[in-house]
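Top line first, the protein sequences correspond to chains A and D.
To convert, count from 1 in the first sequence and add 1; that's this note's numbering.
To convert, count from 1 in the second sequence and add 92; that's this note's numbering.
Hints may contain errors.
[Said to hold, decoys possible] The list that follows gives simulated cross-link-like pairs (lysine-lysine, BS3-like), each with its CA atoms no further than 30 Å apart:
#  : chain 1 : residue 1 : chain 2 : residue 2
1  : D       : K306      : D       : K225
2  : A       : K117      : D       : K373
3  : D       : K381      : A       : K117
4  : A       : K117      : D       : K274
5  : D       : K403      : A       : K288
6  : A       : K51       : D       : K255
7  : D       : K124      : A       : K117
8  : A       : K117      : D       : K403
9  : D       : K254      : A       : K51
10 : A       : K44       : D       : K254
11 : A       : K117      : D       : K254
For the record, the hints were derived by calculation from the structure and aren't laboratory data.
Being a predicted model, the structure only gives us computed values, none of them experimental.
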Amino acid sequence: MYLVDKTSSRSITYGEAIYEATYQEMERDENVIVLGLGADDPKGLFGSTKDLHTFFGSHRSFDTPLSEDGMTGVAIGAALAGLRPIHVHQRMDFVLLCMNQLVNLAAKTSYMFAGKQSVPLVVRNVIGRSWGQGAQHSQAFHSFFMHVPGLKVVAPTTPYDAKGTLISSIRENNPVIFVEHRMLYEIKGIVPEEPFAVPLGKGRILAEGDDITIIGISHMVAEALRAAAHLKEVGITAEVIDPVTLYPMDIDLIASSVLKTGRLLVIDCGWLNCGASAEIITQVFEKLQEEKSFRAARMGFAETPCPTTKNLENIFYPSAKTIAMRAYKLINMKEDWIPVSEEAKEIVAFRGPF
Amino acid sequence: MEKTPDYQRFYEKLYLIRRVEEEIIRLYPSDKIKSPVHLSIGQEFISVGVCEALDPHDVAFGTYRGHALYLAKGGDINEMIAELYGKEAGCARGKGGSMHLIDNKVGMMGTSAIVSTSIPHAAGYALALKNQKSSSLVACFFGDGATEEGVFYETLNFAALKKLPVLFICENNQYAIYTHIKDRMANTDLCTRVKSFGLQTERIESGSILDVYKTAQNMVERIRQGEGPFFLEIDTYRLRDHVGPLEDWGLRKGSKEDALKWIDKDQVSVLGGLLDDFSKKRIEAAVEKKIEDAIQYAEVSHFPENEELYKHVFS
Numbered sequence: 002m003y004l005v006d007k008t009s010s011r012s013i014t015y016g017e018a019i020y021e022a023t024y025q026e027m028e029r030d031e032n033v034i035v036l037g038l039g040a041d042d043p044k045g046l047f048g049s050t051k052d053l054h055t056f057f058g059s060h061r062s063f064d065t066p067l068s069e070d071g072m073t074g075v076a077i078g079a080a081l082a083g084l085r086p087i088h089v090h091q092r093m094d095f096v097l098l099c100m101n102q103l104v105n106l107a108a109k110t111s112y113m114f115a116g117k118q119s120v121p122l123v124v125r126n127v128i129g130r131s132w133g134q135g136a137q138h139s140q141a142f143h144s145f146f147m148h149v150p151g152l153k154v155v156a157p158t159t160p161y162d163a164k165g166t167l168i169s170s171i172r173e174n175n176p177v178i179f180v181e182h183r184m185l186y187e188i189k190g191i192v193p194e195e196p197f198a199v200p201l202g203k204g205r206i207l208a209e210g211d212d213i214t215i216i217g218i219s220h221m222v223a224e225a226l227r228a229a230a231h232l233k234e235v236g237i238t239a240e241v242i243d244p245v246t247l248y249p250m251d252i253d254l255i256a257s258s259v260l261k262t263g264r265l266l267v268i269d270c271g272w273l274n275c276g277a278s279a280e281i282i283t284q285v286f287e288k289l290q291e292e293k294s295f296r297a298a299r300m301g302f303a304e305t306p307c308p309t310t311k312n313l314e315n316i317f318y319p320s321a322k323t324i325a326m327r328a329y330k331l332i333n334m335k336e337d338w339i340p341v342s343e344e345a346k347e348i349v350a351f352r353g354p355f
Numbered sequence: 093m094e095k096t097p098d099y100q101r102f103y104e105k106l107y108l109i110r111r112v113e114e115e116i117i118r119l120y121p122s123d124k125i126k127s128p129v130h131l132s133i134g135q136e137f138i139s140v141g142v143c144e145a146l147d148p149h150d151v152a153f154g155t156y157r158g159h160a161l162y163l164a165k166g167g168d169i170n171e172m173i174a175e176l177y178g179k180e181a182g183c184a185r186g187k188g189g190s191m192h193l194i195d196n197k198v199g200m201m202g203t204s205a206i207v208s209t210s211i212p213h214a215a216g217y218a219l220a221l222k223n224q225k226s227s228s229l230v231a232c233f234f235g236d237g238a239t240e241e242g243v244f245y246e247t248l249n250f251a252a253l254k255k256l257p258v259l260f261i262c263e264n265n266q267y268a269i270y271t272h273i274k275d276r277m278a279n280t281d282l283c284t285r286v287k288s289f290g291l292q293t294e295r296i297e298s299g300s301i302l303d304v305y306k307t308a309q310n311m312v313e314r315i316r317q318g319e320g321p322f323f324l325e326i327d328t329y330r331l332r333d334h335v336g337p338l339e340d341w342g343l344r345k346g347s348k349e350d351a352l353k354w355i356d357k358d359q360v361s362v363l364g365g366l367l368d369d370f371s372k373k374r375i376e377a378a379v380e381k382k383i384e385d386a387i388q389y390a391e392v393s394h395f396p397e398n399e400e401l402y403k404h405v406f407s
């Protein structure tokens with residue numbers, strides 16, 4: 002998709018990057034374990050945990066009963082004893098069953114006990130999309146977790162960041178909500194083979210530009226980059242920023258870009274109301290209000306549950322085309338341009354089943 | 093090897109817990125303890141009986157009704173009272189309070205105020221101990237109300253499946269706040285229910301600390317031999333309100349008469365009666381001094397500085 006690291010030439014997919022980070026960390030530290038529904042089945046969570054139990058033993062990578070609440074508690078308890086569990090969920094929708102343990106326990110443990118206990122836990126959540134995922138296999142709840150002090154929230158987009166931030170998350174002494182997107186799984190990028198850590202809390206400028214700052218979240222980064230390519234056709238250069246970590250957010254990076262462009266468009270991979278887009282725009286406003294007035298807009302899921310049928314699903318999500326048009330309007334206050342745009346190839350290619 | 097019960101030790105712990113809570117009741121109107129307290133008065137024999145059967149390296153998970161367990165496991169009394177006072181010298185620097193006591197130096201894990209939530213933690217901790225080939229085990233204390241939460245059953249299933257070294261202890265005091273167990277469950281036979289998950293179970297109805305100790309010792313030994321998790325249900329009675337220092341006879345179904353049989357066999361008195369007068373007085377005097385010192389320690393300790401608010405959100 003795009004290069005982050007230009008020193009390596011090896012190209013792997015996002016899914017492979019997650020697998021590689023997990024494998025390498027399990028090899029480095031015997032306290033790292035993987036658990037979750039389907040973790041050790043033949044498909045191994047879209048390949049990301051495949052056969053880890055054969056390398057590291059079934060005590061370190063194992064399937065669980067269908068008990069998301071209980072197993073989150075088990076992962077927390079294991080973390081209290083010094084393990085570094087990675088709890089995997091094939092869809093983020095199911096993580097709602099874990100909310101009590103994540104919000105009331107994992108997020109509070111360090112604080113309630115004044116740092117005498119910590120919870121080095123990674124919760125991996127895959128957001129679904131396309132080929133009929135429907136209302137309960139497509140939800141993105143990163144904003145819920147951003148709301149709660151005590152949790153870190155990471156949503157890498159590139160294979161490079163997927164590997165580097167997962168390694169950082171595993172080494173982190175606090176609970177990390179690690180947000181992945183199913184549509185990113187087959188996308189390739191340059192990723193060094195050796196283990197490396199990408200620090201949490203740092204955003205990344207993926208395309209430089211002067212006319213508008215576009216923030217994408219998760220898969221929407223990919224769409225924002227395509228939108229930026231469309232905008233070039235009409236002489237607009239967009240600065241596309243991937244926050245990578247949603248909490249703590251690299252708001253300085255975003256604000257300094259807006260200071261330059263004077264326009265901010267946030268594309269969330271989630272609903273708008275009380276969401277990450279509201280948070281980003283507010284924080285940038287609070288930071289810049291004394292020195293710069295700027296225009297802002299946001300896009301995200303339609304304010305409906307996600308429909309299953311393809312034609313409605315298409316308009317549920319922002320696309321490269323609608324993002325480009327929104328950016329154009331924000332700059333020119335006109336709607337007299339419609340870019341010629343194809344549906345994203347990863348969406349076209351996806352045949353599920355999930 | 094079965095150890096002989098050390099009556100003096102049992103009494104010292106029972107007396108300490110009872111007297112600490114009586115002091116909390118005495119201090120409560122002064123408003124120096126500005127937080128909810130869930131007293132264990134009447135239930136102390138369970139924490140003491142089970143903890144005496146554990147080794148010091150074993151780990152305990154408990155609940156917001158945690159004073160008895162904290163002290164029975166050997167938690168620092170100075171840090172406990174300071175915590176109740178909201179002082180920086182408290183076990184959680186004043187950020188936890190009565191419901192979130194911790195002393196991980198003695199294997200007392202931090203307690204939770206959300207019913208049943210530490211039950212899966214006990215299993216997870218035990219999973220880690222098993223992975224680490226440790227000889228330690230986990231004792232997990234909770235009330236009868238917690239057995240109504242789904243996570244309890246999720247945990248039983250997983251603990252049995254993985255044969256985890258956990259002793260589950262249900263302190264069945266019959267009441268969830270003021271609601272009797274018979275108004276909450278069609279079938280109140282907890283042991284049969286738990287047994288169906290593949291755990292071995294036992295129920296103690298006598299209210300005797302010696303029975304608790306003996307049974308817990310046996311279970312602990314078998315857990316260490318790899319037999320997997322055990323469930324121990326212990327009948328008891330809460331002699332104070334669900335929360336706060338008062339009695340609550342007018343609030344719950346049933347009456348003080350129901351409590352009288354429990355008051356008659358109160359284990360603090362029973363154990364005290366097994367000691368000679370000299371030993372009893374010596375133990376009591378030492379405990380009184382310890383409590384007095386702890387209150388003094390809390391009184392003179394500082395409240396945390398404002399900067400403390402933002403510390404420890406992350407480790």
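Structure-based check of all given hints:
| no. | hint | verdict |
| --- | --- | --- |
| 1 | K306(D) - K225(D) | 26 Å, holds |
| 2 | K117(A) - K373(D) | 37 Å, violated |
| 3 | K381(D) - K117(A) | 28 Å, holds |
| 4 | K117(A) - K274(D) | 39 Å, violated |
| 5 | K403(D) - K288(A) | 24 Å, holds |
| 6 | K51(A) - K255(D) | 25 Å, holds |
| 7 | K124(D) - K117(A) | 25 Å, holds |
| 8 | K117(A) - K403(D) | 12 Å, holds |
| 9 | K254(D) - K51(A) | 22 Å, holds |
| 10 | K44(A) - K254(D) | 23 Å, holds |
| 11 | K117(A) - K254(D) | 28 Å, holds |
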